[in-house]
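Participant: Protein sequences appear in the order of chains A and D.
If you're matching positions, the first sequence starts at 1 in my numbering and goes up one per residue.
If you're matching positions, the second sequence starts at 1 in my numbering and goes up one per residue.
Read the hints as simulated data drawn from the structure, not as lab findings.
Predicted model, so just to flag it, every value in this text is computed and none were measured.
Watch out, some of these pointers could steer you wrong.
[As the list claims (entries may be wrong)] The calculated SDA-like cross-link candidates involving lysine to any residue, where the alpha carbons are at most 25 Å apart (straight line), are:
no., chain 1, residue 1, chain 2, residue 2
1, A, Lys104, A, Leu89
2, D, Lys89, A, Glu4
3, D, Lys75, A, Lys7
4, D, Lys89, A, Gly296
5, D, Lys75, A, Ile180
6, D, Lys13, D, Gln66
7, D, Lys156, D, Asn188
8, A, Lys106, D, Asn188
9, D, Lys204, D, Lys13
10, D, Lys75, A, Val192
11, A, Lys7, D, Ser92
12, A, Lys106, A, Phe239
13, A, Lys156, A, Gly140
14, D, Lys89, A, Asn200
15, A, Lys104, D, Lys18
16, D, Lys156, A, Arg179
17, D, Lys216, D, Ser55
18, D, Lys89, A, Tyr256
19, D, Lys156, A, Gly181
20, D, Lys89, A, Gly140
21, D, Lys75, D, Asn61
22, D, Lys204, D, Glu225
23, D, Lys18, D, Lys156
24, D, Lys18, D, Asn36
25, D, Lys75, A, Ser178
26, D, Lys89, A, Glu191
27, A, Lys104, D, Tyr11
28, D, Lys18, D, Ala35
29, A, Lys7, D, Glu94
30, D, Lys89, D, Gly137
31, D, Lys156, A, Glu191
32, D, Lys89, A, Ser178
33, D, Lys75, A, Asp189
34, A, Lys104, D, Lys204
35, D, Lys13, A, Val192
36, D, Lys75, A, Gln207
37, D, Lys89, A, Lys156
38, D, Lys89, D, Ser55
This is what each chain is made of:
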Amino acid sequence: MQRERIKFLIFAVLVFSAPLLFNGGYLMNVFVFVGIHTMLAIALNLLLGYAGQISLGHAGFFGLGAYASGILTATFGWNPWLAMPVSALAVAALAYLIGFPILKLKGHYLAMATLGMGIIIYIVFNETIDYTGGPSGLSGIPNMSLGGVSFDSDIKNYYLIWTCTLLTVLLSLNLADSRIGRALRAVHDSEVAARVMGVNARLLKVQIFALSAVICSLAGSLYAHTMTFLAPSSFGFNFSVELLTMVVIGGLGSIYGSFLGAALLTLLPEFLRAAHDYDIVIYGGLLMVMTIFMPGGLVRGIPALVRALTSGKRGGGNA
Amino acid sequence: MLRLKNINTSYGKVHALKNVSLHLEQGEIVTLIGANGAGKTTILNTISGVTPASSGDILFNKQPVQSLPPDRIVKLGISQVPEGRQVFKPLSVEDNLQMGAYLRYRSREARADIHKDMENVFALFPRLEERRSQLAGTMSGGEQQMLAIGRALMAKPKLLLLDEPSMGLAPLVVQEIFRVLDQLRRDNGTTILLVEQNAKAALKLADRGYVLETGKVILEGAAAELMENAEVKRAYLGKDKKEIWER
């Protein structure tokens, strides 16, 4: 427990001092997205890595939070601090409603159903032009502000978003280490055994689905107020798959793994710009190599790699 | 303590239990024996609420429980050790035991109590204490069975449902597990409903037994009587085979 706290503190200090390195440059902007993506990856990881329930529609919840916040503030003039929790509550209610029937399904069937859910939400964004602006997007969303300070620059957004991300990390670490976290992993391993232990598996799955959706919705609200412009293409099927990739590459069932996955998949395309037309080929190749050689994800693969390298330097053999 | 009256349970079109009636008194060990597919596991799953009965009554301490979900039934004091152990493989031994006490986390006192019960399980199965932080999936079959029983005990059950605890285990381990069951009855007065393929060991331990065939109770009686019953001997104990088919 003590070690977990120290780990989190180090992580928080690193996150908060990182902007000193960026010097206000372009990387700062990228790291704002790393923060949002970390929240989303953690949300999906709670569902997939802990409870073992797949979702291929999580970009939909992200989009719902973004559009709900965007429309409430830009069109109806709400305060962003009010729009954010109201959107999250609405998404929670929707997730409950969808969750009960959908989470009866397992494996491939659940994947199909959530995929359908994501696509339906995406179509709604595209077609309800009166509200969302359709394919041409929704603009004029205000930045968030607190006590007269408007979060209108990269550095301010960085601190706003990473504060929320760190809260998500803290909440998730605590949840994972609790009785509920154990129950989630138990349901993942054997639903029947979990049920005879007294776990109401069906309700628990719906609850974690809703919690996951709420985190996505909050990340969506933050995204909307950071970007001040929304278009449906950010919330399509591709992005759901990208989230899934972040979780798997980072490490299933690891909160810090979700951060690593989100960081890698957000930064990689930026660095690969140098390779011009070949960037997508290298990107895909790297992901394949990593899944083959680090099946447990970055969070388990990197320490193993370090161990292998350091023992190699000591003379090749291992004791 | 537990009474099943005319229970019928079906899996889709398969009628698995046909008018099964049985009863257990406080502090008894009762065994269900029968061939594969006789409905032994279904009886346990019906009692624990995993596969609810389509008709009939189940009374636990005079309270009807046949339509309650599994979590409510655990709360009333019925705990099941499922078939094939089903320990939570990616969880440590300690986490598995804590899962058994899932419904008991309510207060600080409860936590202290749970801790004490965990020590009791370790006293019962010292092997588990040595491996308290090991992942359950990496342990041997016998150790997993001990863990599955320990986990069920963590719910502080009044009635323990055991599904084939000897399955796939070495004779020595089976002996140890049966010794613990006997100890549980003596020291805690735990009532046990035991499903077994190993009819000999089960009848030796039990007070009474029921013999099942294709979803029906065909025989019931004191364990000692059943052990002497010619039909039981032939079909489940592998004795006196000759006398029967020479008859």
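Participant: None of the hints should be skipped; say for each whether it holds.
Facilitator: Structure-based check of all given hints:
no. : hint                     : in the structure
1   : Lys104(A) with Leu89(A)  : holds (23 Å)
2   : Lys89(D) with Glu4(A)    : holds (23 Å)
3   : Lys75(D) with Lys7(A)    : violated (38 Å)
4   : Lys89(D) with Gly296(A)  : holds (16 Å)
5   : Lys75(D) with Ile180(A)  : holds (17 Å)
6   : Lys13(D) with Gln66(D)   : holds (20 Å)
7   : Lys156(D) with Asn188(D) : holds (10 Å)
8   : Lys106(A) with Asn188(D) : violated (40 Å)
9   : Lys204(D) with Lys13(D)  : violated (36 Å)
10  : Lys75(D) with Val192(A)  : holds (16 Å)
11  : Lys7(A) with Ser92(D)    : holds (22 Å)
12  : Lys106(A) with Phe239(A) : holds (22 Å)
13  : Lys156(A) with Gly140(A) : holds (19 Å)
14  : Lys89(D) with Asn200(A)  : holds (20 Å)
15  : Lys104(A) with Lys18(D)  : violated (29 Å)
16  : Lys156(D) with Arg179(A) : holds (17 Å)
17  : Lys216(D) with Ser55(D)  : holds (15 Å)
18  : Lys89(D) with Tyr256(A)  : holds (22 Å)
19  : Lys156(D) with Gly181(A) : holds (22 Å)
20  : Lys89(D) with Gly140(A)  : violated (52 Å)
21  : Lys75(D) with Asn61(D)   : holds (13 Å)
22  : Lys204(D) with Glu225(D) : holds (11 Å)
23  : Lys18(D) with Lys156(D)  : violated (31 Å)
24  : Lys18(D) with Asn36(D)   : holds (16 Å)
25  : Lys75(D) with Ser178(A)  : holds (20 Å)
26  : Lys89(D) with Glu191(A)  : holds (12 Å)
27  : Lys104(A) with Tyr11(D)  : holds (18 Å)
28  : Lys18(D) with Ala35(D)   : holds (16 Å)
29  : Lys7(A) with Glu94(D)    : holds (23 Å)
30  : Lys89(D) with Gly137(D)  : holds (4 Å)
31  : Lys156(D) with Glu191(A) : holds (21 Å)
32  : Lys89(D) with Ser178(A)  : holds (18 Å)
33  : Lys75(D) with Asp189(A)  : holds (22 Å)
34  : Lys104(A) with Lys204(D) : violated (43 Å)
35  : Lys13(D) with Val192(A)  : holds (22 Å)
36  : Lys75(D) with Gln207(A)  : holds (21 Å)
37  : Lys89(D) with Lys156(A)  : violated (45 Å)
38  : Lys89(D) with Ser55(D)   : violated (35 Å)
Checked against the numbered hints given earlier, this structure breaks hints 3, 8, 9, 15, 20, 23, 34, 37, 38; the rest are met.
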